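A.B. asks: Following the hints, put chain Y in place on chain C, whose structure we already have.
Chains as they are written, first to last, in the working numbering: chain C, 32 to 179; chain Y, 1344 to 1530.
Bear in mind the hints are in silico, worked out from the structure with no lab data behind them. Incorrect hints may appear among the rest.
Only pairs whose alpha carbons sit at most 20 angstroms apart, straight line, appear in this in silico EDC-like list of lysine to aspartate or glutamate [said to hold, decoys possible]:
(1) Lys1492/Y x Asp1475/Y
(2) Lys1405/Y x Asp1523/Y
(3) Lys1466/Y x Asp93/C
(4) Lys94/C x Glu1428/Y
(5) Lys57/C x Glu1416/Y
(6) Lys57/C x Glu1424/Y
(7) Lys1419/Y x Asp93/C
(8) Lys1466/Y x Glu1517/Y
Owing to the predicted nature of the structure, the values given are computational and were not obtained by experimental measurement.
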Amino acid sequence: MKKPIILIVLFLIIGSVLYAYKMYNKPHTDVASTEAAETVSAEDIFAAFDHDEAAAMIQYADKVITVEGILLSKDLSNELEPQIVLDGNGYDGFIRCGFKPEMLSKIVALEENSPVSIKGICGGMNGSEELDLLADTDVVLSNCTLID
Amino acid sequence: MKKITILTFAILGLGLVAFTNHGGGIYKTNTGNINFFSHTSVEDITADNHKVKTAFDATSGKIQFSALIKDFEFPKALMQEHFNENYMESTQFPKSTFNGTIENMSVVKTTVDGTYTSKVSGKLTIKDVTKDVSTIGTFTVKSGVVNTKATFTINPEDYNIKIPKTVSGKISREIKITVDADYRHAH
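One chain only, chain C, in its complex shape (with noise of 0.2 angstroms):
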């Protein structure tokens, strides 16, 4: 009776120590292989930000979502993260898509002032009216991949 009752804390042990260990080591999320929780378009979640922050937050943030705008610009200033400007608001409001290094050719090849579908990671909106020459404001996404 006595082995059956260690053979099950033993086995409890091991299968706590294995998940564990799985769960520390378990990878980030795979943006390509990961299904859009929502296709949204740039001026839609530039406006929903911009209108409601905290509840914009709630919605968008940490989620896998694809954003459907025109390509302002390429910003490949910091090789450590190539990144894409999408028009949010035709003024002073934008997407900002942060892309792995791996990635630059693909981004070096598209066409300004083209529409572009890229699907990310939303991490916020950056920029403050509270700092005077950080006004500009830009929702941004990370981890980005580009859709055909």
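C.D. replies: Chain Y alone, transformed into the frame defined by chain C:
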């Protein structure tokens, strides 16, 4: 009449030289880097953000940063989750900002290649808690790009970041923050 014309051109010329030497205007980037590093005997924790929005005014010396907390990327996904959900509560407090001054802006010649240093001080806000911080910034001007590097330390408890006792041995009370940004003239 001739004298007045010569004098006018001389004043304009001097003004132009002064402006050119000093630079002036706003320098900006949306792709600045901030790294934070926590060292304990149990574990080292590091994370990077490459989408930091920052600008400085080369006339007044005003300098500002805005960084999204969720843009800090950790080597391990679980660490990133704990950082955002348990410690930073980043859905509720999505940004960290710095609003300060390059105290000796006049020594930083943004149009003359070279390396300059100046004290930078201001107010750092994390989780809606604002504290004074200061450090020495190094400004390296090369071909119109102003690279700025600065390092300072913060205590997470000063910013209402609560660390549970069960993991307190893994997280340092002195988090090293390193800033590295390439600014370009904006307008």
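A.B. asks: Decide, hint by hint, whether the structure agrees.
C.D. replies: Each hint tested on the structure:
1. Using a Cα cut-off of 20 angstroms, the hinted pair lysine 1492/Y and aspartate 1475/Y holds, with the two alpha carbons roughly 19 angstroms apart.
2. Taken as a hint, the lysine 1405/Y and aspartate 1523/Y pair is honoured in the structure, with Cα atoms around 17 angstroms apart against an allowance of 20 angstroms.
3. About 28 angstroms separates the Cα atoms of lysine 1466/Y and aspartate 93/C, which puts this hinted pair outside 20 angstroms; it is violated.
4. Proposed proximity of lysine 94/C and glutamate 1428/Y is supported: the alpha carbons are some 14 angstroms apart, at most 20 angstroms.
5. A threshold of 20 angstroms between alpha carbons decides the hint, and for lysine 57/C with glutamate 1416/Y the separation of about 14 angstroms falls inside it, so the pair holds.
6. Distance hint between lysine 57/C and glutamate 1424/Y is fulfilled; the C-alpha atoms sit about 11 angstroms from each other, no more than 20 angstroms.
7. At most 20 angstroms may separate the alpha-carbon atoms for a hinted pair to count; lysine 1419/Y and aspartate 93/C meet this at roughly 16 angstroms.
8. For the given pair, lysine 1466/Y sits about 18 angstroms from glutamate 1517/Y by alpha-carbon distance, which is consistent with the 20 angstroms threshold.
Figure legend: structure checked against the earlier numbered hints; the only hint not met is number 3.
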